[in-house]
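Student: In terms of full-length UniProt numbering, the sequence shown is numbered consecutively and its last residue is 473.
Some hints here could point you the wrong way.
As the list claims (entries may be wrong) - Taking lysine-lysine pairs in the BS3-like style, the calculated list, with each CA pair at most 25 Å apart, reads:
(1) K123 x K96
(2) K42 x K71
(3) K123 x K71
(4) K58 x K71
(5) K123 x K93
(6) K135 x K37
(7) K71 x K37
Hints are computed from structural coordinates only; laboratory data are not their basis.
All of these numbers come straight from a predicted model, not from anything done at the bench.
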Amino acid sequence: MGQLKSKILHQTGGENIDNLKEDPDDQWSNLYRERKKNHLYKWVGMRSGGELLAAFEKEGEDGVLKFANEKLISMMYDDGASPQMIRFTDYAKWKKTTARLFSFLNVQLGKTESNSVGQFGSKFREHLGQWRLNKRGVEGETIIHLLLNREEPMCSEIARILITRYPGLANDIYLGDEMFGQSALHLAIVHDDYETVHLLLQNSAEVNARACGTFFLPENQKTSRKSTDYQGYAYYGEYPLAFAACFGNKDIYDLLIQYGADPNLQDMFGNTILHMCVINYSNSMYSYAVRHWAKPADPNIVNAAGLTPLTLATKLGRKDIFEEMLELMKVEFWRFSDMTCSAYPLTALDTIRPDGSTNYDSALMTVINGSTSEHLDMIGSEVIQRLLADKWKAFASRKLFERLGLLILHLIFLCFVVYMRPSEPERLTYKLTATEWNDWVCFTSLFFIYTNLYFFVIHFALKANLIVLSFYR
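Taking the hints into account, I'd like the entire structure generated from these sequences.
Tutor: What follows is the structure, given as structure tokens:
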């Protein structure tokens, strides 16, 4: 887990910025020159060093506060006394001033300044901010973000000192396209830093802040908006509570719930924290969230693709968490020694809804239509096997034998027609009155064959129409 977090944090900026120093070609880029000019990166290095860290090593907390009083308060609204509301007009102005830094990248991606603002402008929400927009880093980050991005105990301690002295710093978020919406709370959760998370929440950090930049999207959604498999290097569900669930930190999860986090909030794909537990293989957190003592998560919410956590597990082939879900859903009637009688609700599991319509997004339908080895393993699940067996006994076997009987009769009468076909041209075209017994047998067989064919054509045509209507309904 620690290595995964380090990789994520390097991808968020630390590794790329240090590589700029190592690659001579990149030293001519606008981003590199801007970082060289920006005081933030001198005060806190991306991966090591920084004047603020030197002050802490030399004088401890007093050194940090002295440094802040001399150099940082001018970077904050109201000299750090209170945060200011960041409105869309402020955000748009900041985007315009930073557009030249990303002009080459935007040309490569086919973006313009206007649609770049529009893309994230729709996600922008007015919020309190302490750090001045025109004093931020190239990704819209503040000094707190740089400190927490380092994943070092000393940097975390300095961040806590600054937040305690200037509480408004707890509200700032990244404003750049890649990391848009990420807050100090998200970073502290990624580091499993309970102390910093608690301090941020005590200082009114937004418990439902949404990290929805391009970095946090599934990989196949970074260039398109079509159907997705939800797989990504840093897709954790946008909300701090979803981050805590994906990283499996139950203490931080409880703390966020205590401060008002909602486990049923949905991200841009309609996924709740239970969907995110499925996507990120977090079996234990799924059970914990569903059974939570204060605010249990709802397992029946569907995402934008019409999938509940259960049907999503079947779509992605997550057998272990699928079986865990079934155990959580079951209702136990009685237990005797090691024998148990339990029932499983069929709402999301079966292909037939309570009103009799077909549920094409049901767990059973998804498993049967799956094409991977994981789906094949899921068919072997005890509950799926029992459901298929009951369906076979209830109606599938009867339907099979009915159609098999009609097919056998069809073949028998077809044989009569072939073997009793008259040889005389007049009798073949029925121009003469049929007097031979085989003519009557042949005619009767033909009548049955055509009747059977018309029946199957009409029957399956009507059934196909009903399926199409049910699907679109």
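Student: Taking the hints in turn, state whether each one holds.
Tutor: To see whether the hints hold, each was checked on the structure:
At most 25 Å may separate the alpha-carbon atoms for a hinted pair to count; K123 and K96 meet this at roughly 17 Å. For the proposed pair K42 and K71, the alpha carbon gap of about 12 Å is at most 25 Å, so the pair holds. At most 25 Å may separate the alpha-carbon atoms for a hinted pair to count; K123 and K71 exceed this at roughly 32 Å. Between K58 and K71 the CA atoms are separated by roughly 17 Å; this keeps the pair inside 25 Å, and the hint holds.
For the hint linking K123 to K93, the alpha-carbon distance of about 16 Å falls within 25 Å, and the restraint holds. Taking the CA atoms of K135 and K37, the gap is about 11 Å. The hint holds against a cut of 25 Å. A hinted pair counts as satisfied when its Cα atoms are at most 25 Å apart, and K71 with K37 qualifies at roughly 15 Å.
Checked against the numbered hints above, the structure violates only hint 3.
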